[in-house]
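Residue numbers (the numbering used here), protein chains in the order written: chain A, 1 to 149; chain B, 1001 to 1149; chain C, 2001 to 2116; chain D, 3001 to 3116.
Treat the hints with caution; some may be incorrect.
To be verified - Facing chain A, a subset of chain D residues (Cβ under 8 Å, in silico):
| no. | residue |
| --- | --- |
| 1 | 3010 |
| 2 | 3013 |
| 3 | 3017 |
| 4 | 3021 |
| 5 | 3030 |
| 6 | 3050 |
| 7 | 3053 |
| 8 | 3056 |
| 9 | 3059 |
| 10 | 3073 |
| 11 | 3084 |
| 12 | 3086 |
Since the hints were made in silico from the structure, they are not lab data. As the structure is a prediction and not an experimental result, all values here were calculated from the model. Heads up, the beta-carbon is just placed ideally off N, CA and C, and yes, glycines get one too.
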Amino acid sequence: MEAINEMRLEFPSKSQNESFARVTVAAFAAQLDPTLEEIADIKTAVSEAVTNAIIHGYENTIGIVTVIAKLYEGKIEIEVIDEGKGIEDIEKARQPLYTSKPELERSGMGFTVMETFMDEVEVVSAPGQGTRVKLVKYLKSTGGELGRE
Amino acid sequence: MEAINEMRLEFPSKSQNESFARVTVAAFAAQLDPTLEEIADIKTAVSEAVTNAIIHGYENTIGIVTVIAKLYEGKIEIEVIDEGKGIEDIEKARQPLYTSKPELERSGMGFTVMETFMDEVEVVSAPGQGTRVKLVKYLKSTGGELGRE
Amino acid sequence: MQVSSRKTKGALVVKVEGELDHHTADAVRERLDSLLEDPSIKHIVFDLSQLKFMDSSGIGVFIGRYKVVSQRGGTVSVTHVTSQINKVFEVSGLYRIIKKYDSIEEALADIGGCDE
Amino acid sequence: MQVSSRKTKGALVVKVEGELDHHTADAVRERLDSLLEDPSIKHIVFDLSQLKFMDSSGIGVFIGRYKVVSQRGGTVSVTHVTSQINKVFEVSGLYRIIKKYDSIEEALADIGGCDE
Ligand SMILES: Nc1ncnc2c1ncn2[C@@H]1O[C@H](COP(=O)(O)OP(=O)(O)O)[C@@H](O)[C@H]1O
Ligand SMILES: Nc1ncnc2c1ncn2[C@@H]1O[C@H](COP(=O)(O)OP(=O)(O)O)[C@@H](O)[C@H]1O
Chain A
1 MEAINEMRLE FPSKSQNESF ARVTVAAFAA QLDPTLEEIA DIKTAVSEAV TNAIIHGYEN
61 TIGIVTVIAK LYEGKIEIEV IDEGKGIEDI EKARQPLYTS KPELERSGMG FTVMETFMDE
121 VEVVSAPGQG TRVKLVKYLK STGGELGRE
Chain B
1001 MEAINEMRLE FPSKSQNESF ARVTVAAFAA QLDPTLEEIA DIKTAVSEAV TNAIIHGYEN
1061 TIGIVTVIAK LYEGKIEIEV IDEGKGIEDI EKARQPLYTS KPELERSGMG FTVMETFMDE
1121 VEVVSAPGQG TRVKLVKYLK STGGELGRE
Chain C
2001 MQVSSRKTKG ALVVKVEGEL DHHTADAVRE RLDSLLEDPS IKHIVFDLSQ LKFMDSSGIG
2061 VFIGRYKVVS QRGGTVSVTH VTSQINKVFE VSGLYRIIKK YDSIEEALAD IGGCDE
Chain D
3001 MQVSSRKTKG ALVVKVEGEL DHHTADAVRE RLDSLLEDPS IKHIVFDLSQ LKFMDSSGIG
3061 VFIGRYKVVS QRGGTVSVTH VTSQINKVFE VSGLYRIIKK YDSIEEALAD IGGCDE
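Construct the entire structure; sequences and hints are all you get.
Structure representation (structure tokens):
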């Protein structure tokens, strides 16, 4: 199935880009005419994945974070990609409360939040190979801006 | 001078992305704490350049539009790039009221609006080579989000 | 993008809400042209209070409708023009053919004056 | 991000405005910890009516401050929790240690009840 619309966003791993990234994805998702709750869910999940790329993927270095969003009828797919450190044990990383950075007051709830707020969360990662998190959400709403074309 | 922050956005040349592009650049520019008028100016100029890439650059085909924004202290630089048709006579194209598409009720005021709303407008283009429009705006405001780091 | 209208003594009062760019211009144009099929309409008064954005793609929309009503001896006026849109109107010279008023009442009063 | 506060009989009422994410968490944390240097403060009541967004980076901020005041025998409560933030609180189990109230008055009344 081909996407109705898609976009690709790249920015350096600076923390001020966390809000920029979630606002941008929300603005793009708006084309599917989502509910306010759906928009809030998407923003939250994107914020988690982008924050992880910045603090865990690149740690204290600057690298490029890439966000790709694809719109389908009733569905949005978002990928958040870094070329940072990578994750050794993905299963462990996804467990609620697990964090490798408790000293930063990280709660270890990032993946759990993504899983709760989105319908599918796929993580592809390997040490030294970077991390790719795919977030999928099915939207109850239909049509919107796109339906009018 | 190195940019304080930058971003790169790519999307297909669909008209619904005109508003997405200007909202995204505005959200990014917000990091420089611009005035409401400066934000409106930036949105308008970006809208013109992106619209041109879509209707003149790619005409009725679908190609990728790239928007790059760089933030400096008191200055934003935006490039809007297409790999479309290109412009044969740039000087003529930039003249007020000149349009190659009067049948579409184009006013030929796109470049004039960009020049009025921004401080610098640079156009690099050649037939078959695509077009790159660079928009620069100096901001009266200082600091903002970035100043706090 | 939303266009709503009412007719009052030969004038069409049109409220344009949303953002007027290349993407939305076609829909606005079509809507206005279908309203203008009513030959008793001479003047258009735009209420732009809820128009949040306009770029040069909007200029053609105003010029095109101006051409239609000016052939009927009518006028186009705009009211409640916000600052971003005002700037686009100024740069493009639209105020040479379209008059700006603070309120719909003032615009209508002025048309009435010339009209009756 | 803005943090404003007032003290009222052993409780600190803190209003957090803006968005609480990893980028803003440090500033909020520092601000709260400097307020908590006042040893007479036992309880914190958060007014979250103007908090527009929070992700899991905010969870640590609440847990960390809970640890501080619970050592003093105090409590943390939140009021005016909007739906996005409520969801983050629920998923993370924060409501096991932090009580939610509709209003600051209710939160303060409850603290007063246990306190005196
Ligand atoms: N992009 C990433 N790159 C490297 N490691 C990651 C990445 N995302 C998550 N991780 C690892 O997974 C762990 C759990 O992530 P998460 O559930 O978001 O919690 P938290 O961010 O609070 O640590 C992180 O502590 C980190 O070790
Ligand atoms: N990205 C582009 N690719 C090809 N041609 C362009 C591009 N941008 C502008 N042009 C040419 O320059 C002319 C003037 O542009 P502009 O001032 O924006 O007015 P308008 O868009 O109303 O035609 C266009 O009509 C077109 O011929």
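Evaluation of the provided hints:
Nearest Cβ of chain A to the Cβ of residue 3010 of chain D: about 25 Å, over the 8 Å cut. The hint is violated. This hint is violated: residue 3013 of chain D has a C-beta 23 Å from the nearest C-beta of chain A, more than the 8 Å allowed. For residue 3017 of chain D, the interface hint is violated, since its Cβ never comes within 8 Å of a Cβ in chain A; the closest pair sits about 14 Å apart. Proximity of residue 3021 of chain D to chain A holds as hinted, the smallest CB-CB distance being about 5 Å (cut-off 8 Å).
The restraint placing residue 3030 of chain D at the interface with chain A is violated, with a minimum CB-CB distance near 12 Å, outside the 8 Å limit. Against a cut-off of 8 Å between C-beta atoms, the interface hint on residue 3050 of chain D is violated, since the closest Cβ of chain A lies about 16 Å away. Because the closest C-beta pair between residue 3053 of chain D and chain A is about 7 Å apart, less than 8 Å, the hint holds. Taking 8 Å as the C-beta cut-off, the interface hint given for residue 3056 of chain D holds, the closest approach to chain A being about 4 Å.
The closest approach between the C-beta of residue 3059 of chain D and any C-beta of chain A is roughly 4 Å, which is under the 8 Å cut-off, so the hint is satisfied. Given hint, residue 3073 of chain D at the interface with chain A, is violated; its Cβ is 22 Å from that chain's nearest Cβ, farther than 8 Å. Against a cut-off of 8 Å between C-beta atoms, the interface hint on residue 3084 of chain D holds, since the closest Cβ of chain A lies about 4 Å away. The criterion of a C-beta within 8 Å of any C-beta in chain A is not met by residue 3086 of chain D, whose closest approach is roughly 10 Å, and the hint is violated.
Of the hints listed earlier, those the structure fails to meet are numbers 1, 2, 3, 5, 6, 10, 12, in rising order.
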